[in-house]
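My request is simple: use the sequences and hints to build the entire structure.
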Amino acid sequence: MMSMPRCLRICGGNDSLRGTDAMPATTMIDAIRDALDVALTDDPTVTVFGQDVGYFGGVFRCTAGLQKKHGIDRCFDTPISELGIVGVAIGMAAYGRKPVVEIQFADYMYPAYDQIVSEAARLRYRTAGEFTCPIVIRMPTGGGIFGAQTHSQSPEALFTHVTGLKVVMPSNPIDAKGLLLSAIDDPDPVIFLEPKRLYNGPFDGHHDRPVSPWRTHPMGEAPLGRYLVPLGQAAIRRKGAALTVLAYGTMVHVALAAVEETAIDAEVIDLRTLLPLDLETIVASVRKTGRCVVVHEATLTSGFGAELAALVQAECFWHLHAPVERVAGWDTPYPHTNEWDYFPGPARVAAACRRVLEVQ
Amino acid sequence: MMSMPRCLRICGGNDSLRGTDAMPATTMIDAIRDALDVALTDDPTVTVFGQDVGYFGGVFRCTAGLQKKHGIDRCFDTPISELGIVGVAIGMAAYGRKPVVEIQFADYMYPAYDQIVSEAARLRYRTAGEFTCPIVIRMPTGGGIFGAQTHSQSPEALFTHVTGLKVVMPSNPIDAKGLLLSAIDDPDPVIFLEPKRLYNGPFDGHHDRPVSPWRTHPMGEAPLGRYLVPLGQAAIRRKGAALTVLAYGTMVHVALAAVEETAIDAEVIDLRTLLPLDLETIVASVRKTGRCVVVHEATLTSGFGAELAALVQAECFWHLHAPVERVAGWDTPYPHTNEWDYFPGPARVAAACRRVLEVQ
Amino acid sequence: MKPVERPLELFFAEPAVRPGAEPDFSGLDLPAAGSLRRPPVDSPAEEMRDMAFGLIRLLDDDGQAVGPWADTLDLDDAARMSGLRHMMTLRAYDARMLLAQRQQKTSFYMQHLGEEAISCAFHLALRSGDMNFPTYRQAGLLIASGYPMATMMCQVYGNDGDPVRGRQLPVFYSSKSHGFFSISGNLGTQYVQAVGWAMGSALSGDDKIAAAWIGDGSTAESDFHAALVFASGYRVPVVLNIVNNQWAISTFQGLARGGAGTFAARGLGFGIPALRVDGNDYLAVVAAARWASERARRSLGPTLIEYVTYRVAGHSTSDDPSAYRPSGESACWPLGDPLMRLKQHLIARGLWSEDRHVQAEAEIMGEVQAAQKEAEQIGTLHSGRRPSPAEMFNDVYAEMPPHLRRQRQLAGY
Amino acid sequence: MKPVERPLELFFAEPAVRPGAEPDFSGLDLPAAGSLRRPPVDSPAEEMRDMAFGLIRLLDDDGQAVGPWADTLDLDDAARMSGLRHMMTLRAYDARMLLAQRQQKTSFYMQHLGEEAISCAFHLALRSGDMNFPTYRQAGLLIASGYPMATMMCQVYGNDGDPVRGRQLPVFYSSKSHGFFSISGNLGTQYVQAVGWAMGSALSGDDKIAAAWIGDGSTAESDFHAALVFASGYRVPVVLNIVNNQWAISTFQGLARGGAGTFAARGLGFGIPALRVDGNDYLAVVAAARWASERARRSLGPTLIEYVTYRVAGHSTSDDPSAYRPSGESACWPLGDPLMRLKQHLIARGLWSEDRHVQAEAEIMGEVQAAQKEAEQIGTLHSGRRPSPAEMFNDVYAEMPPHLRRQRQLAGY
Ligand SMILES: Cc1ncc(C[n+]2csc(CCOP(=O)(O)OP(=O)(O)O)c2C)c(N)n1
Ligand SMILES: Cc1ncc(C[n+]2csc(CCOP(=O)(O)OP(=O)(O)O)c2C)c(N)n1
Ligand SMILES: [Mg+2]
Ligand SMILES: [Mg+2]
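Protein chains in written order, with the numbering used here: chain X, -3 to 356; chain F, -3 to 356; chain A, 21 to 433; chain Z, 21 to 433.
Mixed in with the good hints there might be a few duds.
[Unchecked claim] Think about it this way: if two alpha-carbon atoms lie no more than 30 Å apart in a straight line, the pair counts; the simulated DSS-like pairs of lysine-lysine are:
1. A:Lys22 - Z:Lys393
2. A:Lys196 - Z:Lys22
3. F:Lys235 - F:Lys284
4. Z:Lys393 - Z:Lys196
[As the list claims (entries may be wrong)] Stretches of chain X that chain Z covers, calculated by requiring three or more beta carbons in the stretch to come under 8 Å of a beta carbon on chain Z:
5. 41 to 51
6. 67 to 75
7. 103 to 109
8. 320 to 332
[To be verified] Selected chain Z positions facing chain A (Cβ under 10 Å, derived; list incomplete):
9. Leu30
10. Phe32
11. Ala65
12. Met68
13. Arg105
14. Gly149
15. Ser221
16. His245
17. Phe290
18. Ala368
19. Trp372
20. Arg376
21. Ala380
Think of the hints as simulated: they come from the structure by calculation, not from any bench. Glycine included, C-beta positions come from ideal geometry on N, C-alpha and C.
What follows is the structure in structure tokens.
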């Protein structure tokens, strides 16, 4: 059913790959659209739908032009029912198609949560593999755009607790395209979280500085054609010896900025896939550095950082020189006016790194 | 509006209180029903509703007789819509009433998740206290009754990650009644998780032994009348010096059994309230024992045990002689036939305790 | 604020009678068999409103099939006879499995008693490759399609012969080859999935249709709404079935229905043609289901069908209905027993007799017992061969990720 | 399996025209003003089906209020004049706030352009103590009820004068005293809460009613269904409003509506009386809303009202509608401009003149600018006094739990 095109694979350590001949994608939006375009072209069962994704091309433009190119039956608008979008996708996947759906903001996934948790995640298990659910649910995630409590959330921990799901969050265009294509190829349901603050440029948390474009970033240009970044593999974004920082999505850039500014020789790991987790890479790093800071934008309590801290203290107990620190969004809803007091920016990450290093 | 009856307060250390003159509740079901009865009697704004809770009295009988005693407008049946039950409760609370609703099984709370997370939990915040949402959402939780994947779940971590909620899970009739009355008095939304395997007797995980009744348990008889067990306070169920076990709900009994059978001098803490957490009691214990095992029935990854492990390693880093261990449900859906291979029973808890003690 | 002028009141719907009182179905308006018209399948929804409030009935009190739906029903004698056989088989199967649960050979069971006609007859509207998205009360779809009964029993026992490896609650069957989608414990979720499946078929240029199933009480769930929104919006080739068996555990159908006269009426708000059918009339179910499936096959869009029936037994083996409804209620149910009605029809048609019926009953019970023996040779819930606990860790994902492998090892496998 | 016989097809609803083509509203059937009957409020739903498909219109092309709804409308001249004033105020307010957003004084804004009549007029059906559960496009409820405009602006700016402490997106107002429930960013959630609020009122022996608000697109959400199920089941004293402004961001109303002729028709599936109203006719909205609120106050149950209108501006300041609809479309909208229509009525009635209108416009703009000055003296999103970051930690709970206190300390407060 599916043609097997040439497959360019980008692995953890080899992320410097750049554009090819024609017009490589130079924003995360372009990279995502490009991945969808490749998937729609290669696999006739891929079907893209969601609110405003068809004619209009999505409120973030991630599907712009796809309906025109591939036809309304491959990329179409839906009514405003997240439950319906995901429920329909599950049925369609059970039939044998590959739905790739968009939830307009991660904050609006809750109406679909029952279908995701009780149905998509468990269909393979409860039928011993007779029916499966290879769907991808894309959703813009995170804050930094003055979107307040309902356009800023990072609900990843609500998915990592759900066995049967895979959970992915890219931090740059090259990964975004390669991970999305892997997610679409995956035989199981994948939650694909897109840090919307990264759509148009790498953002390191310095909201008062000019926006820098992806063009100038080493991971900014997603190559043309099909390539895969495998699920379940973290990437080391900065090698270092003093401290390990675990981050994903926007926070990778914030962590890198904090580390540069403090001149701390930290190893910064971009998890990329949260479930299943690349524990090996994490453990190897923390055993080496002996110190660990976990960073995410989601609220602290029961966030995914808790799982990371729990795993690291269990696996690296004898190597740890200091407790694992977590830097996260405060345990409050995401406020509007005080967005930048809420956001765990480089100053907070730097302070945590210093605290962890101070412990002797 | 609300009369202030005599208030008997049961605190963390003083849990040996027993029945009074007439007919004290001698099952957890009776204790819960009794709490609802007291609340309906004392506070004319309390309103109880949910699927089958009215005429029939609930599939677990927790509301039996309440409609007859208090009238159909105080205790009534609803259509099968968890979203509707919680959504209506939120509006009713905003009006000024105190809805205490039942979700028939915790596994069926997902359709209401959006209303719980996006609405109930954030209403006070987003209106700066102008509108509030003092609702209680009761739900039978956990396995051990051959209920398979949709009648066995423990979704507490999906609530502890949601700021604005309080999350409570009692382990015995005395607490159940006192905590439920506190939850009803609370000005904020409370998720009240009832370990259904404890409804009719303390269950220590030895499924092949005869069921023991609550009658013979020191915490088995909830006294008559109104008393409160405050939210946010853990209870030490067994004093010990070698190891701290953190548990809640059914797992308190499993942990106690494991500890008795291995003759390990463990301190067993019953958290009772997960959010807000009684971190003080936990930290004091682990700093004393230097070792910690966390036990819950929910799946491991991103479970509430992750938060506990993360907090303990952060707060007790210098006191820990071994990594914090987590014993939890396997990261699979809850199976039917192999229920007892899935359930984290006393053998698994004992093994973890031994592993943690072996570390020198 | 001004004093309260006129206190507001709510309405609390209650069934006509409760335990202790005489059963009373006088509120149920029963048009005579054959009295409702049969509109062309391509009539606009707006011109078929009456169909949502009438009742399609073919079998009259004498067992004759009458009226326009009967006249156009293309069903030979053999099919009518096997219809009876399927219903008898389902009833015998239920009886044995109920007993097995009482004998603690399994944890739980749910019967079809009184509702056998619906799933057994609906099967005749489907073709191979079509897909049902059932609830727990449509095992007749499996029986009518010849699914091996011993395998059903293995599922109920959760033994090593259970295709879903002891993972699901008893009666949560699953069979792709027999057009029977996995049953979910979460009410309603399958309804919108059926719509998605049918959309998948259409988008693939296929001709397979889907059938969604839901109970009266569960129509209150959100998934029901989403299903109707999408089915109506894209004119999806799906048959949307509502089994109104009067009860949702202890809650009578009037609460979920609210102010609408019927559940079929729900379709009208979406411009979806809706039929209301005597669910205890095997022939009526076949006729209505075929009408709806023809609409689907001709890409005319979805049809909503309400089957009016009665849940004779308890909700499940965990339930005691005498606590909330008069014990004699089922005997007074005016639509009768679906088996007896089809039997009477076959007799009236000269195809059947009391003697043959008694003989068939014995034969069928023999078959069911043989299947049960076969299943029990493998095992029951608490004895015999069960799926290995190691299998608990399979099928969470297509490929087992490292953390699950670690857990499996920790578990000792 | 057999080869595919007749491939199935789906239907993809599309608006009549897209950018580049001529606007076309010929599909919209517009009955003449005054032509629809006015049934007694206690008529059974089944006998008022026509009301869901007709269109209640009072103002004819000459600005005369005609027909049975006009004849029974008890609205004095002063009220009609202040109706116009409210709409003009809302329009001026929108214009200034839109400009303020362009000037980066705030992050986001949403206009009412073309829909002013609905919320301004609906206010006249309510009494003090009643509660609206609005969406983001009913600020007319606040303006008509005399809520201080400077406070609204403080909310939009998220400055230190914002009653909700800069926590909510601009236009997410909240005012208990003015019967305006907090706006949620999650579409639809408020619909079922309104039902619950009204149930709370009735259970408390109170006489306050609730009004729920939702957009055409958002009727697809689950909460809409739950609201109708509960409202119908308990006959709840609530008015269920649907504002059909033809668009849901880029998606035209036909997709959410599906095969139903109108959104009002959704009520019929629940036995809920439904009205369809010319939403650009101030008097029609008052008349219909009062009819529905009378039903609620007399405990006759809920009413569903669809207001037919047009969203003239973009969805929000983040949207550019020229990408998905013909740019001239709003000018061709056959129901006209609600302000101009009421203005014409007042002139026809001898209450108003072009001169007075120009004068009023200037007056109102002066008031709005004064309010804006007042608000900006406190601050705008990026300058001036804003809520202290320490306040971020307040109101998560009634009492701040220890972990939040720790976090506030860590944050430096
Ligand atoms: C989401 C959800 N809520 C509640 C339940 C519990 N429950 C199981 S069956 C049932 C009643 C269903 O009634 P109905 O839809 O009429 O189907 P019937 O049992 O009559 O066939 C309930 C409330 C559930 N399984 N799932
Ligand atoms: C649950 C949810 N899903 C999606 C969105 C994103 N969204 C905001 S407004 C909107 C369109 C709403 O259209 P409609 O209901 O017609 O209201 P209108 O904007 O036309 O007033 C969408 C999709 C949201 N806010 N909430
Ligand atoms: Mg039923
Ligand atoms: Mg709209």
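To see whether the hints hold, each was checked on the structure:
Pair hint Lys22 (chain A) plus Lys393 (chain Z) does not hold up; C-alpha atoms about 36 Å apart against a cutoff of 30 Å. Restraint check for Lys196 (chain A) and Lys22 (chain Z): the C-alpha separation of about 16 Å stays at or below 30 Å, so the hint holds. A distance of roughly 11 Å separates the Cα atoms of Lys235 (chain F) and Lys284 (chain F); the hinted pair therefore holds under the 30 Å criterion. With a CA separation close to 25 Å, the supplied pair Lys393 (chain Z) and Lys196 (chain Z) stays within the 30 Å bound.
Interface restraint, the region 41 to 51 of chain X with chain Z: holds (3 residues with C-beta to C-beta distance below 8 Å; minimum three). Coverage of a stretch by a chain is defined here by at least three residues with a beta carbon nearer than 8 Å to that chain's beta carbons; for the region 67 to 75 of chain X and chain Z the count is 6, and the condition holds. Note: the region 103 to 109 of chain X has 4 residues with beta-carbon separation from chain Z under 8 Å; the three-residue rule is met and the coverage holds. Counting residues of the region 320 to 332 of chain X whose C-beta lies closer than 8 Å to any C-beta of chain Z gives 6; at least three are required, and the coverage claim holds.
For the restraint placing Leu30 (chain Z) at the interface with chain A, the shortest Cβ-Cβ distance is roughly 5 Å, inside the 10 Å limit, so the hint holds. Taking 10 Å as the C-beta contact cut-off toward chain A, the hint placing Phe32 (chain Z) at the interface holds, the least distance being around 7 Å. This hint holds: Ala65 (chain Z) has a C-beta 6 Å from the nearest C-beta of chain A, less than the 10 Å allowed. Given hint, Met68 (chain Z) at the interface with chain A, is violated; its Cβ is 12 Å from that chain's nearest Cβ, farther than 10 Å.
A hinted interface residue such as Arg105 (chain Z) counts as satisfied when its beta carbon comes closer than 10 Å to some beta carbon of chain A; here the least separation is about 26 Å, so the hint is violated. For Gly149 (chain Z), the interface hint holds, since its Cβ comes within 10 Å of a Cβ in chain A; the closest pair sits about 5 Å apart. Interface restraint check for Ser221 (chain Z): the shortest CB-CB distance to chain A comes to about 6 Å, inside 10 Å, so the restraint holds. Hint status for His245 (chain Z): holds, given a least beta-carbon distance of 3 Å to chain A, under 10 Å.
Because the beta carbon of Phe290 (chain Z) sits about 5 Å from the nearest beta carbon in chain A, less than 10 Å, this interface hint is met. Residue-level restraint check for Ala368 (chain Z) is violated (minimum Cβ-Cβ distance to chain A is 36 Å; threshold 10 Å). Annotation: Trp372 (chain Z) was flagged as interfacial toward chain A, and the flag is violated, the nearest CB pair being 33 Å apart, outside 10 Å. The beta carbon of Arg376 (chain Z) is not positioned within 10 Å of any beta carbon in chain A (closest approach about 35 Å), and the interface hint is therefore violated.
Annotation: Ala380 (chain Z) was flagged as interfacial toward chain A, and the flag is violated, the nearest CB pair being 32 Å apart, outside 10 Å.
Violation of the numbered hints given earlier is confined to hints 1, 12, 13, 18, 19, 20 and 21; the remaining hints are satisfied by the structure.
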